[in-house]
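Line by line, the protein sequences are chains E and L. Quick note on numbering: the first sequence equals residues 1 to 182 in the working numbering. Quick note on numbering: the second sequence equals residues 1 to 190 in the working numbering.
Everything labelled a hint here was simulated from the structure, so no lab data went into it. All C-beta atoms, glycine included, are put in the ideal place defined by N, C-alpha and C. Treat the hints with caution; some may be incorrect.
For lysine-lysine, the following DSS-like pairs were computed, each having C-alpha atoms within a straight-line distance of at most 30 Å [stated by the list, open to error]: (1) E:K65 <-> E:K170; (2) E:K159 <-> L:K151; (3) E:K32 <-> L:K137; (4) E:K32 <-> L:K42; (5) E:K143 <-> L:K137; (6) L:K42 <-> L:K187; (7) E:K58 <-> E:K14; (8) L:K187 <-> E:K32; (9) E:K170 <-> L:K187; (10) L:K137 <-> E:K159; (11) E:K14 <-> E:K65; (12) L:K21 <-> E:K14; (13) E:K143 <-> L:K187; (14) E:K143 <-> E:K159; (15) E:K170 <-> L:K156; (16) E:K64 <-> E:K170; (17) L:K137 <-> E:K170; (18) E:K90 <-> E:K58; (19) E:K170 <-> L:K173; (20) E:K32 <-> E:K71; (21) L:K9 <-> E:K159; (22) E:K58 <-> E:K32; (23) L:K187 <-> L:K173; (24) E:K143 <-> L:K42; (25) E:K159 <-> L:K187; (26) E:K32 <-> E:K65; (27) L:K187 <-> E:K71; (28) L:K42 <-> E:K65; (29) L:K21 <-> E:K32.
In silico contact screen, one side only, chain E against chain L (beta carbon under 10 Å); selected entries [as the list claims (entries may be wrong)]: (30) N62; (31) K64; (32) E67; (33) A70; (34) K71; (35) G74; (36) L125; (37) D129; (38) K159; (39) V176.
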Amino acid sequence: MIFREVEDRDLIAKARRGHVDAYNVLVSRWEKRVFNYLLRLVSNREDAMDLSQDVFLKAYQNLKKLEDPAKFPGWLFRIAHNEAFSLLRKNRPEGEIAGELRSGESSGRMFPIELNLAIQSALGLLSDDQREAVLLKVYQGFKFEEMAEILSCPVSTVKSRLYTALDLLKQTLAPVNMGGVE
Amino acid sequence: MSCSSVDLKGYFLGEVARAEKNSVEDHVRACQSCREELDRLKLTDAALRSLVEEEAPQRIAFVSDKVFEPRWYETIWRSGPAMGFASAMLLAAAILVHGFSVNGPARPVATPTVNTAQIEQRIEREVNNRLDAVVAKQRQQTAEMLDAAEKRFESKRQTDLAIVQQAAQYYEKQTARLMVAVNDQQKAGQ
């Protein structure tokens, strides 16, 4: 992990000096994580792919503004968060129930296994904010402080979203079938 | 320490300080409902982590990608004006060199014969070499992809197995508890 961070930092420094190849290596390292984060957030493969391209383009254009290269992961996911929510706001009119599964997108989903479908639909029942908190914590392994920076909100809000999300997911993925037994 | 003051989720997510971690562990050891809650959190987390990561459908390409840029000889070969210009320059250079190096009356100059067959052979050889390299690279990439897919499949299988085992243990525990509760009730009834 330490070596990985050093290498990323080196690539960022090179990319800042105009080495396109260095940036391409950086993209190939992070594209899968960013794509999956966006895919699970917007639930549509084409949108996730378009957003991923936008994210890496914006990151390249703004790479010189990144003060601390060690903070690249959080910085990159902050861009991804902004792009994703910009699309979600555009696609989802105000007043629509957050987290409600959108119809007509089943062709864009790509999890054929039953367990995957169950998890996907459980995630789909969360609000966008809650789902994003789960994605950043469980799948991307960010700390609460890093998540707060990515989402531009206090740590208490991050915790609240994540804890509520876990309670909801627990009901679906680990239900208590034998209630009443203490 | 009461159940409500225990940050069980924070503990499970590795977000509590060492001192708090110890006190949570002490509490969990003594508290049945918090142990069950922790079991459910583990099960939820294991299920979430079993979600397969997707490969991006296409490589993200937004800056010039040298892999797809034509080679220098391809650029010249495909460019008519550049090829013409290069030929003219070569001819001019040849005339100039000839003018400086040759003294005395002009001697009949043998017209240089262009061996097109040789050039074609060289081009073909070059193309074949490049093609072989690309095919070899593709084969290697396919083998690597197959290998990675096999590893992914095995890892997925192991994860699923772990989830099933965890679930089985969880429900076994719950059944045992139910049995104990039923027995207790029966005893109380008697």
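Hints and how they fare:
no.: 1; hint: E:K65 <-> E:K170; verdict: 40 Å, violated
no.: 2; hint: E:K159 <-> L:K151; verdict: 35 Å, violated
no.: 3; hint: E:K32 <-> L:K137; verdict: 22 Å, holds
no.: 4; hint: E:K32 <-> L:K42; verdict: 25 Å, holds
no.: 5; hint: E:K143 <-> L:K137; verdict: 40 Å, violated
no.: 6; hint: L:K42 <-> L:K187; verdict: 34 Å, violated
no.: 7; hint: E:K58 <-> E:K14; verdict: 17 Å, holds
no.: 8; hint: L:K187 <-> E:K32; verdict: 59 Å, violated
no.: 9; hint: E:K170 <-> L:K187; verdict: 34 Å, violated
no.: 10; hint: L:K137 <-> E:K159; verdict: 48 Å, violated
no.: 11; hint: E:K14 <-> E:K65; verdict: 14 Å, holds
no.: 12; hint: L:K21 <-> E:K14; verdict: 42 Å, violated
no.: 13; hint: E:K143 <-> L:K187; verdict: 50 Å, violated
no.: 14; hint: E:K143 <-> E:K159; verdict: 11 Å, holds
no.: 15; hint: E:K170 <-> L:K156; verdict: 21 Å, holds
no.: 16; hint: E:K64 <-> E:K170; verdict: 42 Å, violated
no.: 17; hint: L:K137 <-> E:K170; verdict: 46 Å, violated
no.: 18; hint: E:K90 <-> E:K58; verdict: 19 Å, holds
no.: 19; hint: E:K170 <-> L:K173; verdict: 18 Å, holds
no.: 20; hint: E:K32 <-> E:K71; verdict: 18 Å, holds
no.: 21; hint: L:K9 <-> E:K159; verdict: 9 Å, holds
no.: 22; hint: E:K58 <-> E:K32; verdict: 17 Å, holds
no.: 23; hint: L:K187 <-> L:K173; verdict: 21 Å, holds
no.: 24; hint: E:K143 <-> L:K42; verdict: 18 Å, holds
no.: 25; hint: E:K159 <-> L:K187; verdict: 45 Å, violated
no.: 26; hint: E:K32 <-> E:K65; verdict: 24 Å, holds
no.: 27; hint: L:K187 <-> E:K71; verdict: 62 Å, violated
no.: 28; hint: L:K42 <-> E:K65; verdict: 40 Å, violated
no.: 29; hint: L:K21 <-> E:K32; verdict: 34 Å, violated
no.: 30; hint: N62; verdict: 13 Å, violated
no.: 31; hint: K64; verdict: 15 Å, violated
no.: 32; hint: E67; verdict: 22 Å, violated
no.: 33; hint: A70; verdict: 20 Å, violated
no.: 34; hint: K71; verdict: 19 Å, violated
no.: 35; hint: G74; verdict: 16 Å, violated
no.: 36; hint: L125; verdict: 13 Å, violated
no.: 37; hint: D129; verdict: 17 Å, violated
no.: 38; hint: K159; verdict: 7 Å, holds
no.: 39; hint: V176; verdict: 7 Å, holds
Hints 1, 2, 5, 6, 8, 9, 10, 12, 13, 16, 17, 25, 27, 28, 29, 30, 31, 32, 33, 34, 35, 36 and 37 from the earlier list are contradicted by this structure; the remaining hints agree with it.
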